[in-house]
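Those protein sequence lines, which keep their order, are chains A and B. So the first sequence is residues 33 to 126, counted in my numbering. So the second sequence is residues 123 to 602, counted in my numbering.
Treat the hints with caution; some may be incorrect.
[As the list claims (entries may be wrong)] With a straight-line cut-off of 16 Å between C-alpha atoms, the simulated EDC-like cross-links for lysine to aspartate or glutamate are: (1) A/Lys60 - B/Asp533; (2) A/Lys105 - B/Asp533; (3) B/Lys348 - A/Glu52; (4) B/Lys348 - A/Glu54; (5) B/Lys348 - A/Glu53; (6) B/Lys575 - B/Asp533; (7) B/Lys510 - B/Asp367.
[Unchecked claim] Sample of chain A residues lacking proximity to chain B, with all beta carbon distances greater than 10 Å (derived): (8) Arg47; (9) Asp76; (10) Asp96.
No lab work stands behind these hints, which were simulated from the structure alone. Backbone N, C-alpha and C fix where the C-beta goes; we use that ideal spot for every residue, glycine too.
Here's the letter readout for the chains.
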Amino acid sequence: MITKEDVKYIASLSRMHLSEEEIALLTKNLEDILLYVALLKKADISRVQPTSHVFPLKNVFREDEPKPSLSQKDALQISTAKRDGFFEVPKVIE
Amino acid sequence: MNLYALTAHEILSKLKSKETTGEEVYHSVLDRIKNIDGNIHAFVRPHNQKAAIPPITPVPMKPIPIAIKDNICIADQETTCCSRILAGFKPPYNATVIEKLIQSGASFLGNTNMDEFAFGSSTENSCFGPTRNPWDTECVPGGSSGGSAAAVAADEAIWALGSDTGGSIRQPASFCGVVGLKPTYGRVSRYGLIAFASSLDQIGPITKDVTDSALLLNIIAGYDPKDSTCVDQPVPDYTQSLINDVQDIKIGIPKEFFVEGMHQEVKEAMTASMEILKKQGVKFLDVSLPHTEFAVATYYIIATAEASSNLARYDGVQYGLRCQPQPPRGTPLVDMYEETRDRGFGPEAKRRIMLGTYSLSAGYYDAYYLRAQKVRTLIKNDFDSVWKECDAILTPTSPTTAFKIGERINDPLAMYLSDICTISANLSGLPAISLPCGFSRNGLPIGLQLMAKPFNEEMLFRVAYAYEQNTEWHKRKISL
């Protein structure tokens, strides 16, 4: 059972400020989907390990050698707000 | 015959005999887009410019015009995943597949429509509005790579790239009557593919026939140090598998895929297709994939969990949309995050972020995410045992033909269930192909899916090519 309060809490974790209509709709949607997903309780998972990745790849490392990469100028080119070579954000510390 | 209606291999032979030029082909396709895309809306950003002159390379030049799904980065070309949150985003680099295409001499036609962030099975969840199925413009083209599939079906592209997380190449290929291949996970670099669910996403070709599918995979496949999940295995010449010989190949039919609600016409098309392959010497056997009933539920937990994590980066700080609420609600920074995401994401993106965040949140992780990862193991193990008995598996690509625009958009669960035949290949990392195998009485295409062992795309091409050589479905053209 999903409540509107649950949905508001999940929205805050997701950094979204939802309208009352969105909260009502998502409460119903999540309820329906989770009811369906409850099907997974039928599966016998007692003898298996979780799969996070399909092939047995271990950590892939490379030598720590500098190579050409995106310049600061190119990286900042796409930014919404920048100043003096930095991304600019609203004031965080009062 | 018009150049735009040709396949890539037909164009290559005309170029070789100097019957045409790369430029003529490119302009023929651009004119086609100008003439008909108003009705189809396959493209959200046609480039409408002269093809860039490709660099001189030692590899054979294949100057084939290609359409690219709007989630694959082309340097300095706006790429948005059909989401408002990426409006104006111009990637500063090329995806690896784009680099490989440039090396091959390709010219780019534009970015194709898709469900926002590839969240959907109908291309209706695009901030630019839906694409129409060229076979019936009242119907969806499938999704999420609906724009790429519709473009190829309507001859608005010689071939195209899509991406497939739960069927997003194969299902639209099936709905539009073209060939769509999801390669093995790790066969094609994901570098520069804007992430949806990183353990499932794979880029692949959408083409007019099987030969083109092999040719395009030849170009894009291969190891890439920029994608740590890309597997370092030699890339065979896939055209060597196009031999029209399937004598004694064993193909399994998993009964679990012939679900309730499957259209009778789809079932009939499967039976007829099996008859054609039997005549070519294929041996069919019944196999069982007993955990198939859990695939959709497993997928929607894992895919949304990964998506909610991948989409956390869209916060207004570095690129894309940035908004502030008026009047302010709380601290300016949190206000910015929330307002940007509220306005930037569409309803399905919000739904998936919420579901993913829920299943990863404290108290629910074990019951949902961890359990789904364990069921994923069971689904993968089913396939591992079946490969002891057969070389490939045959199923429908979708239980139905294309549905009407608007029919499922307000019922998320019904939309999710339309992916029932395609999802298992992503959960298990397998290669899978969809090819045209008939038409419904209403004139809508039906698709046949083949799956094979990891890194055995050659088996898919071999069976698909033999089928295609003995049928005419792929030659049927739409009158537009």
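How the hints compare with the structure:
no., hint, verdict
1, A/Lys60 - B/Asp533, "holds, 11 Å"
2, A/Lys105 - B/Asp533, "violated, 45 Å"
3, B/Lys348 - A/Glu52, "violated, 43 Å"
4, B/Lys348 - A/Glu54, "violated, 39 Å"
5, B/Lys348 - A/Glu53, "violated, 43 Å"
6, B/Lys575 - B/Asp533, "violated, 34 Å"
7, B/Lys510 - B/Asp367, "violated, 21 Å"
8, Arg47, "violated, 4 Å"
9, Asp76, "violated, 8 Å"
10, Asp96, "holds, 14 Å"
The structure fails to meet hints 2, 3, 4, 5, 6, 7, 8, 9 from the earlier list, while all remaining hints are met.
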